[in-house]
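Enquirer: Residue numbers (the working numbering), protein chains in the order written: chain R, 1 to 199; chain U, 1 to 199.
Incorrect hints may have been included.
Reference listing, derived: stretches of chain R covered by chain U, where coverage requires no fewer than 3 residues with Cβ under 8 Å from a Cβ of chain U [as the list claims (entries may be wrong)]:
#1 8-17
#2 20-34
#3 43-49
#4 64-74
Subject to a maximum C-alpha distance of 35 Å in a straight line, what follows is the list of computed DSBU-like cross-link-like pairs (lysine-lysine) [what the hints assert, rightly or not]:
#5 Lys167/U to Lys54/R
#6 Lys24/R to Lys24/U
#7 Lys52/U to Lys52/R
#8 Lys54/U to Lys17/R
#9 Lys17/U to Lys54/R
#10 Lys54/R to Lys52/U
#11 Lys52/R to Lys17/U
#12 Lys49/U to Lys17/R
#13 Lys52/R to Lys49/U
#14 Lys24/R to Lys54/U
#15 Lys54/U to Lys24/U
#16 Lys17/R to Lys24/U
#17 Lys17/R to Lys52/R
#18 Lys49/R to Lys17/R
#19 Lys54/R to Lys49/U
#20 Lys49/R to Lys49/U
#21 Lys24/R to Lys54/R
#22 Lys17/U to Lys24/R
#23 Lys17/U to Lys49/R
#24 Lys49/U to Lys17/U
#25 Lys49/R to Lys24/R
#26 Lys54/U to Lys49/R
Honestly, the hints are just simulated from the structure, not real lab data.
The beta-carbon is built from N, C-alpha and C at its ideal position, and this holds for glycine as well.
2 protein chains.
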Amino acid sequence: MRAYPRPLARLVEELQKMPGIGPKSAQRLALYLLQASPEEAAALTEAVKEVKEKIHACPVCFNFTDAERCEICADPRRDGRVLCVVAEARDLLALERAGEFHGRYHVLQGLISPMDGVGPESLRIRELLDRVREEGVEEVILATNPTVEGDATASHIADLVRPLGVKVTRIALGLPAGGDLDYADEMTIARALEGRREM
Amino acid sequence: MRAYPRPLARLVEELQKMPGIGPKSAQRLALYLLQASPEEAAALTEAVKEVKEKIHACPVCFNFTDAERCEICADPRRDGRVLCVVAEARDLLALERAGEFHGRYHVLQGLISPMDGVGPESLRIRELLDRVREEGVEEVILATNPTVEGDATASHIADLVRPLGVKVTRIALGLPAGGDLDYADEMTIARALEGRREM
Numbered sequence: 001m002r003a004y005p006r007p008l009a010r011l012v013e014e015l016q017k018m019p020g021i022g023p024k025s026a027q028r029l030a031l032y033l034l035q036a037s038p039e040e041a042a043a044l045t046e047a048v049k050e051v052k053e054k055i056h057a058c059p060v061c062f063n064f065t066d067a068e069r070c071e072i073c074a075d076p077r078r079d080g081r082v083l084c085v086v087a088e089a090r091d092l093l094a095l096e097r098a099g100e101f102h103g104r105y106h107v108l109q110g111l112i113s114p115m116d117g118v119g120p121e122s123l124r125i126r127e128l129l130d131r132v133r134e135e136g137v138e139e140v141i142l143a144t145n146p147t148v149e150g151d152a153t154a155s156h157i158a159d160l161v162r163p164l165g166v167k168v169t170r171i172a173l174g175l176p177a178g179g180d181l182d183y184a185d186e187m188t189i190a191r192a193l194e195g196r197r198e199m
Numbered sequence: 001m002r003a004y005p006r007p008l009a010r011l012v013e014e015l016q017k018m019p020g021i022g023p024k025s026a027q028r029l030a031l032y033l034l035q036a037s038p039e040e041a042a043a044l045t046e047a048v049k050e051v052k053e054k055i056h057a058c059p060v061c062f063n064f065t066d067a068e069r070c071e072i073c074a075d076p077r078r079d080g081r082v083l084c085v086v087a088e089a090r091d092l093l094a095l096e097r098a099g100e101f102h103g104r105y106h107v108l109q110g111l112i113s114p115m116d117g118v119g120p121e122s123l124r125i126r127e128l129l130d131r132v133r134e135e136g137v138e139e140v141i142l143a144t145n146p147t148v149e150g151d152a153t154a155s156h157i158a159d160l161v162r163p164l165g166v167k168v169t170r171i172a173l174g175l176p177a178g179g180d181l182d183y184a185d186e187m188t189i190a191r192a193l194e195g196r197r198e199m
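Using the sequences and the hints given, assemble the complete structure.
Expert: Here's what the structure looks like:
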């Protein structure tokens, strides 16, 4: 016997399609599921189904939600004058974990990447501009990652938002908290110097 | 918003119950599943369901199977005179990958572990003794892991099988292939010396 019984092989194969799951992890997960109680396995498959059925993009900001609008768009305490633009909903979650931002968000659902055939028209940029015009926005914070694609997307959006008479800012680049100059790459150090502030 | 929408939070929670999946991996997997096509997500949940419905222990050797008997028990070319005893079906899979063994297996479904309340009676030892008596077995190879529990379980079984007039052997302990004496622990080196063979 050089292989698993077919249903087990199929499960290993499906698990391996997920990001960060190699053959060894896939086998370990498949055997865990095989030996889990029927209730435990059903809890997982039901959770997957429910996510697929109930979670959709918020029609305003394109964050994930299971409601008509997302929790942030529906919260009257969030400051609608500041709009933070991110590439993906997971970036929004990371910013929310930091707990520093109290405005609203706009999820682009990607970054401009000509190599992958993603142009500006594939992103939620038109919807962003409509919001800036209609929602009394005073500042747009561009919080895409400091990568080639993130920087290019930020520049493109800045050029479109500036003519609307709205302040456009970019998140700060510099050393991470607890970081070490000795281990930082030159670009990070250059940006950290460039962004220095008076104390 | 400090949390995911509820269905997404539930999926992250369920994924985190799996071995080796921490909060970060669980989030990455949940977002992957959320953004996967409905077909991809269904392929995974169907694969889990099928495994739970179709895979069961072989009534002879307790290997996984989706048939009446497992592939190895059903294969007339496998040598029934040599029985290799392993703790778990995944150990059997590891031995099969090595491709060196052409006999049959017996899966104990665990190891004796008084700390965890697992006594010999919880394992498939009675079934093993029945097979040794009835199937014309000439040699029992104890291939449990070289750990406290694996060694104790091997000793226990050896004491029960020897009186049946059958040869009982234990897999060799020594340096792993490609291993380095300098990095091996003392127990491994001691066992490698003890198990030395004439060249």
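Enquirer: Which of the numbered hints above does this structure break?
Expert: 5
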